[in-house]
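**Q** What follows is the residue order along each chain.
Number of protein chains: 2
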Amino acid sequence: MTEVKAYAATSSTADLAPLDIKRRDTTTQDVEIDILYCGVCHSDIHTARNDWKGSKYPVVPGHEIIGRVLSVGDNVSKFKEGDLVGVGCMVDSCQTCNSCKEDLEQYCENGATFTYNSPDKHLGGQTYGGYSEKVVVDEKFVLKVPENIDLKAAAPLLCAGITTWSPLRHWKVKKGDKVGVIGLGGLGHMGVKFAHALGAHVVMITTSPSKTSDAKELGADEVLISKDSEQMKAHANSFDFLLNTIPVGHDTNPYIGLLKRDASMVMVGAIEPLDPIHGGGLIAGRKRIAGSIIGGIKETQEMLDFCGEHNIVSDIEMIKMQDINNAYERIIKSDVKYRFVIDMKSLKES
Amino acid sequence: MTEVKAYAATSSTADLAPLDIKRRDTTTQDVEIDILYCGVCHSDIHTARNDWKGSKYPVVPGHEIIGRVLSVGDNVSKFKEGDLVGVGCMVDSCQTCNSCKEDLEQYCENGATFTYNSPDKHLGGQTYGGYSEKVVVDEKFVLKVPENIDLKAAAPLLCAGITTWSPLRHWKVKKGDKVGVIGLGGLGHMGVKFAHALGAHVVMITTSPSKTSDAKELGADEVLISKDSEQMKAHANSFDFLLNTIPVGHDTNPYIGLLKRDASMVMVGAIEPLDPIHGGGLIAGRKRIAGSIIGGIKETQEMLDFCGEHNIVSDIEMIKMQDINNAYERIIKSDVKYRFVIDMKSLKES
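Respectively, the protein sequence lines represent chains A and B. Reminder that position 261 of the first sequence reads as 261 in the UniProt record's numbering, one-by-one numbering, no gaps. Reminder that position 32 of the second sequence reads as 32 in the UniProt record's numbering, one-by-one numbering, no gaps.
Chain A extracted, bound-state conformation:
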C-alpha cells in the first residue's frame, strides 16, 4: 500500500482540495498506472456534491483516465511498462453473471465496481478515481490507447465517448441512417463525431441556434432547432435513431414525434424523472424509448481502436488540478467546449 497525492471532496459542500490517499500494492493481475490526464465528467460533480445520495467521503472523482504503465503484476499478459493505457468508469465486476459473460460488465448483475465511490474489494472503504497521481487496476479493466491520437483529448473517450458509442453500435446505426443527436455538450459532441464517422446523416438537435456552426464543424449535416415547431414538423417521423444526451429531466414527447415507425430514442444523460410521456406517441408508430449506460470493456476497446483509425478525440479545454472547483462551476453553466481535461502533472507539481 502506498500513499499518493489526490484531490478530494471531503463533504458535499466542501471544495475539492489536496488529500493523500492509499493505493493498493500491485497484485499479480494488476496494472499500476501513472496518470497523465483525467477528464472531468458531470458525474464527478454529482458524486462530489452527493446529488445522487450515496456518496462516501472522501470522494476522489475522475473516470476518464489516460496514463502510462509503471509496472505490471506477474500474471499480466496484455500490458507492459510504458504502455499507453486508459481506465474508464469501471475497475472490476463479478465476471460470472450473464452480463459479464456477454462482455457487458456495465450491467453486471452483482454490481460492477466503479472507478470511484464504489466499495473497494481490496482495501475496504471506497474506490478512488483519477484525480490522483496513479491508480492500480485489474488488467481486465485497463484499455489500450492508440499512440497516434492526441492523448489529453483522448481522456473523455473513456466515459463521454463510450457512452455515446455503445448505443450507436448496439442499435446498429449505419451508413445513410438519419440520426439525431439531442443536446450539444460533452456527450452530444462525441455523439455527433461518432455518428458522422459511422456514415450517418447527422442532425444536431438543440434549443440554441447559436450552436449551429459548432455543430457543423463537429460533423453534423443539419441542425434542427427544437424550439422551432415548423422545423420540428418538417422532420416528423423521419429519424432512424435518436441519441438523447440531455442531462436532466425534460419533455421527450417532441422528440418521440421525430422518430420513424419502429425507431428508438436512447437516453444516455437523464438519470432522473422525465416529463410525462404520452402513450399515444409510442403506440401510434410502434416507437421505442430506451436507456444505455457507458459500455463494456470489449466495446470500449473497439471504440478506442476506431478512434485511432479515424483520428477521433474529444474537443477539450485543459486545466490544472488546482482549477477544478472553478471548472465545476463552469460545467454547471455549460460553459465548456466540450470537456475539461486535467493535466495531472499539475498535481504532482503542487
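Since the hints were derived computationally from the structure, they do not count as laboratory data. Nothing here was measured: the structure is a model prediction, and the numbers come from that model. Watch out, some of these pointers could steer you wrong.
Identical chains share a label here; the pair holds if one copy fits it or two copies do between them.
Unchecked claim - Pairs of lysine to any residue residues, derived as SDA-like cross-links and limited to a Cα-Cα distance of at most 20 Å, are as follows:
| id | residue 1 | residue 2 |
| --- | --- | --- |
| 1 | Lys-260 | Glu-109 |
| 2 | Lys-298 | Glu-109 |
| 3 | Lys-260 | Gly-111 |
| 4 | Lys-172 | Arg-288 |
| 5 | Lys-260 | His-170 |
| 6 | Lys-260 | Arg-288 |
| 7 | Lys-101 | Ala-284 |
| 8 | Lys-233 | Glu-109 |
| 9 | Lys-175 | Ile-149 |
Position chain B against the provided structure of chain A, taking the given hints into account.
**A** Chain B alone, transformed into the frame defined by chain A:
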C-alpha cells in the same frame, strides 16, 4: 347505396339509439357482409363520447365484426357468398407507403381508414362501424374466420386479440420466456391466452388479489400482485417481456424494474400521458419501453388461423343491441369478464 339499421351516438352526451345509415353498393373489389356479432371495445365508448376529441356524429361504433358474406364484387377472389369473415379496426389504407408495403397497414403513413369515425372515401362523411346490420368492405381488409371456433366469442379477436398478439409476435416471445401481462381486462385476458399458447411462462400482474384464480384459469402460471413490494422485489429484473394493457396513464416505473436487461415493456392500452418515467430505470439495464397498436391484416389473419388451430377465443358476455348503454356503464366500472359481444340479430328484430 342502401339504408341499413344501426345504433349510433348522435352527440357526445346522447345514449346510443337506433338510426338508419347508408352503406355503399358493393364495388368490384368489395365484400358485403351480414353482421352476426360485434364486440364492444373501450374505444367505442371513447369515440361515442368524444373523449379523444375528433368524433363526428353520428358515431356508429364497432370494430370487432364477425359475419357471413352476402355478396362479393366481380374482382373479389378471396371470398364467396356464405363465407365466415371478420372485420377489425381498419377498412382501408393507402397500399403504397412503406408501412402498407410491409403489411403494417395500421401504421399507414397516409393514414389508414378506420372502421368507424374515419373519413369515408366512398360516400364522404365518416365510416360507420359494426353496430349495424351489414357492412361493405374492400376484400383486402376482410379476414377469414375459422369455422371451428365459437363465432360470437371470436369477435373480440379482431381488436383485443390482434392488439395483444401483434406485440407478442413482433417482440418474438417464445417458449420458456418469462412474460408478464399487466392488467386483466379485455386486452389482458387475451394477452394471457396468447402468451400461454406461445409457450411462455406467463405471469399475470395485477393490483387485485381477487383476480388470481381467474388469471390462472386463463393460462397464467403465476400471479404477481403489483401492490406487494416484496413480491415485486422478488421478480425484479427477471422478465423477458412485459405487455402493459392498463388503459389509462399510470406509474410504469415499478414495471420497468421487473424487466431484464435489454427487455421491453410494450404499451397497448394507455393512449394518454404516463406518469414520469425515471431515466435511471431505463439506463441502468438498457431497458426499453415501446408502444404497439392493433396489427396488420396479414398478421391478423395469422392470429385467426392460430386461434383456429389452438381453439382460442375471448371470454365474453353476450348482450342485445338494446343493452349497449348499460354495457358501456359496466365496462367503465370494469364489470365484465372480459368482453361484451352484441348479438346483432337483436338489431334486426328491433
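**Q** Tell me, please, which holds for Lys-260 and Arg-288 at an alpha-carbon limit of 20 Å: within, between, both or neither?
**A** both (10 Å within a copy, 16 Å between copies)
**Q** Indicate which option fits the pair Lys-260, His-170 if close means a Cα-Cα distance not exceeding 20 Å: within, between, both or neither.
**A** both (18 Å within a copy, 17 Å between copies)
**Q** Within, between, both or neither: how does the pair Lys-101, Ala-284 come out at a Cα-Cα threshold of 20 Å?
**A** Between. Shortest inter-copy distance 17 Å satisfies the 20 Å Cα cut-off; intra-copy 37 Å does not.
**Q** My question is about Lys-233 and Glu-109: at a cut-off of 20 Å on alpha-carbon distance, are they close within one copy, between copies, both, or neither?
**A** This pair counts as between: shortest inter-copy Cα distance 15 Å, intra-copy 42 Å.
**Q** Cα distance capped at 20 Å. Does Lys-172 pair with Arg-288 within a copy, between copies, both, or neither?
**A** both (15 Å within a copy, 16 Å between copies)
**Q** How would you label the pair Lys-260, Gly-111 (within, between, both, or neither) given a Cα cut-off of 20 Å?
**A** between (35 Å within a copy, 14 Å between copies)
**Q** Can you give me the call for Lys-298 and Glu-109, within, between, both or neither, at a CA distance of at most 20 Å?
**A** within (17 Å within a copy, 40 Å between copies)
**Q** Given a CA cutoff of 20 Å, do Lys-175 and Ile-149 count as a within-copy pair, a between-copy pair, both, or neither?
**A** neither (24 Å within a copy, 49 Å between copies)
**Q** How would you classify Lys-260 and Glu-109 at a CA-CA limit of 20 Å: within, between, both, or neither?
**A** between (33 Å within a copy, 10 Å between copies)
The structure fails hint 9 only (numbered hints given earlier).
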